[in-house]
Amino acid sequence: MRRTAIALVAAALFGLTACGTSEPTASGNTSNAAAQPVSLTDARNKKIDLKAPAAKVVVLEWGAAESLVSLGVMPVGVADTKGYTNWVTAEKLDPSVKDVGTRGEASVDAIVALNPDLVITTTDEAANNITQLEKAAPVLVIRGSDAAKPIEQMKTNLDLIAQAVGKTEQAKQLTADFDKKVAEGKQRIADAGKAGSGFMMADGWKQGSTITVRMFTNGSLLGALSTDLGLKNGWTGAGDKDYGLAQTDLEGLTKLPDGEFLYIANKNDGGDVFGGDLAGNAIWKNLPFVKAGNVHRLPDGIWMFGGPKSAGQFIDAAVQAVTS
Amino acid sequence: MTQLTAPAPEAQAVRQPVRRIRVAGLFGAAIALIVVLAAVHLTQGTSSVGAGDLVRLVFGQGTDNAANVLVASRLPRLLAGVLVGIALGVAGAGLQSLARNSLASPDTLGVNAGAYLAVVVVAAFGVPLPVLPAGGVAFLGGLAAAGLVLALSAGGSTGPTRLILAGSAVAMALGGLTTLMLLLFREETVGTFAWGAGTLVQTDLHAVTQMAPVVALGIVAAFLLAAKLDILTLGDDTASVLGVNVRRTRVLTTLVTVLLSAAAVTVAGPVGFVGLVAPVLVRLLAPVVPGLLRHHVLLPLSGLAGVLVVLASDVVLRAAFGGQAGVEIPTGIMTMVVGAVVLIWLARRHRDSGPSRAPAGTGSGLRTRRTFWIVTIALAVLLTAAAVGAMLTGDAFLRTGDIVNWVNGQSGRAITYVLDQRFPRVLSALLCGAALAIAGTTVQAVCRNPLAEPGILGITGGAGVGAIATLILLPSASIWLLSGVAAVAAVVTFGLVYLISWRGGLSSDRLVLIGVGVSSAATAIITLLIVATDPWNLSLAMTWLSGSTYGRTLPQVAPVALALLVLTPVIAHGRRDLDLLALDDDVPRILGVRLERTRLLALLAAALLTAAAVSAIGVVGFVGLVAPHAARALVGGRHARILPVAALLGAILVSLADSLGRTVLAPAQIPAGLLTALIGAPYFVYLLWRTRVPAR
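If you're matching them up, the sequences are chains Z and X in order.
For the first sequence, counting from 1, position 190 maps to 190 in UniProt numbering; every step adds exactly one.
For the second sequence, counting from 1, position 52 maps to 52 in UniProt numbering; every step adds exactly one.
Note that these hints are calculated values from the structure, not bench results.
Incorrect hints may appear among the rest.
Said to hold, decoys possible - 25 Å max Cα-Cα, derived DMTMM-like pairs, lysine to aspartate or glutamate: (1) Lys149/Z / Glu169/Z; (2) Lys47/Z / Asp579/X; (3) Lys46/Z / Asp420/X.
Quick caveat: nothing in here was measured; it's all calculated off a predicted structure.
Using the sequences and the hints given, assemble the complete structure.
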């Protein structure tokens, strides 16, 4: 007993004396003094002052990461880079971008190790975590989405990010390209005589023998985009107040009218519920849009909660599906 | 495993002649009730297909749509409910006879947890198994869990408390592993969180048709064992004399009941407590209908009762909250709440019978003052090492010199930040560990049961419900409000447990059993709150169901620090009373201790400490159980010594778990509570094994 105790004490002391430091002690901060200071107000109504446009940015949500890349700034760190690669193909991350952990609980150690000028996260993040991150770097908080105005929210977010990194011109260009894309898509749908026709947008997954379907209401980004393209959402139920998502089961689909059924699946992550598991199902087979052959799996990797580039991918895919 | 006790009243009831007409009437009534419930059940759902459409369908005038909904959604759901109900009902009745204990069930024996873990593991590794092999995996998982629990509680014959404790410890450990798998393989197991509470929503008849023959086989096998189970109720010796191979009957019954439970888990996930409630419903009628406890009546009737419980839960859920709720809220949560109430009711009727805990004084052999000081100093050094280690480890590894610089305010930006954010996490782990350990020590002394702890008594769960309800209603609630509500909820929950257990005196066993029931109900309510309000927020679920130091800031640590500062002296002041309380009821009275007042005060302090810890880092289990016990083993039974040693051990345990969780999978993180469960549960199982009552 005694001997063990002494051994433990000795071991602990040995551990404590293994001194050394990992970085030199604090000295003056180097900064690119030439650049213009930036001042902006984020989704929390908090004023953020940067001495210069941020160059080293860590992003904790994929949509913001995509927007950042599309503005011509490669983030230094992104939460769950593997997931990003699977789900977001609109803009690729450089291999050098560091994974800073999961989207729900990003590693603050990893973030601070990158010494970022700015951290971008969403209002979904707990206030505590944001407070804590703010000690390391300025934090720009954007609202993930707003079911009252999803497209405007996407643009607002792009603008905020652009201001923070000094790329407002690029943001204007991206927004203009995006608006043009919507107009063109709308035109093509009208030309095909499909204006006003119905659509449904969904994704889904299977667990055990239970399939859960997530419906995109008009409050969702993709639902709003489809509406702007001149289509009419067949799902009239309510969704959540941020992302405009509703949950239903298979039999809930019988409420849907005829129209184009668009869905997103991912072969690297979850597989294809609608194309695979439901193939022999009596309800599914007899849904009007299934019978009519109007079910379209959109290409993998169109992020449902992304920026203008993902939205553009969706517009192309949706127009293609509806007019084909 | 022989038993010389006199046959229980139940055994006499088994021998009563079967009143065929009354029994037949009962079957008829049960079936009629099931038919009515089934009819209502079929009319409920997310589509617009209602009773009218279905009636028209019967008369050949229905639409294709109605027919499709009926065939591909409503009928599979109904049949899943029937299958799960029958399987769990029969399994529960079988297990109760096996354990000679009305508190045994697939849940309380860990069978469901084992089967579910097996299913999740298979899903996590991306093996898309067809239904039947998945059922096989679930069977093996359930069997292993049941085997362990039955071994720990000597087949359940040593009294219900040990059985329930062994079962809930094993279920908690397996639940911890399951959560860990969900966390590590988030993408592959998406949706498993809600499913983990058991849902009847089915997409086709596939699972049901695959599992129906398995269930049928199980029921036939159970029926074949019925006569032997009847004889087994007379006691092992009598049964042996009468020519029954006791051992073989037990093994076969275990296999059959696990098979049935595993089939149910494969179809619908772990639907809680059906196996507990169903046989109890039947037993309630036994005085009115003689012969009901004969197993060839009891088993099938329990199956029907199981169907009633499952269908009624689902019907009530949808009737109360609408068809949409059936998609969002798993049926299992409803049955779990019902089951918890039944568990509490059963426990209240429970009479103390036989030794169910370690004899007083275990591990309180002669320990010298010198041993105490050596242990304390060694632990203090370990604690320092753990704290320093916790500051050094994480996603980024630092060196001690960095800490020195940080303390002196000379560290660079990155290190300063890393340590600034790590410090509150380390501190919260240390303080919460100490708080939970002190609370656990107090609870164990007052309950005079080394197996009690704030978690098992429902205090932790109650505080968790309070905290998460506050967070949902007021997302920006301050930590003081959060802690305040958690504290009130903890005290109220504990008051409830205490009052329900009070029956002309406080039986420690009853307190523990009721605590287990209340804590199950609390878990169900926490899951319900998360699933109903923020189903996509897995992080929320993780924190409140497993405990995490993620994102803690110094203000959040303040309530724990305050609780420790104020309440530790109160408890320490009462250390001698605790010594006396731990002995028996009489000695303290003789020595002039105001028993009830002291007891209540001590428990109140423990509840407040627990609530502070829970509101700081979420629901963390086993610390309050393991630390005091290990302390007793190290320094003997005097609370002047146990309290400081337990506090040190608790702080070290949680801190270690937290450091590991932040480091092992970095940059991803594992909640500290999961790791304490993984460390604590095996220790607890070992503890039960050590203190098991040898066969007499």
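Verification of the supplied hints:
Restraint check: the Cα-Cα separation between Lys149/Z and Glu169/Z comes to about 23 Å, which is no more than 25 Å; the hinted pair holds. Only pairs whose Cα atoms come within 25 Å are accepted, and Lys47/Z paired with Asp579/X is rejected, the gap being roughly 59 Å. The hinted pair formed by Lys46/Z and Asp420/X meets the criterion: a straight-line CA distance of about 23 Å does not exceed 25 Å.
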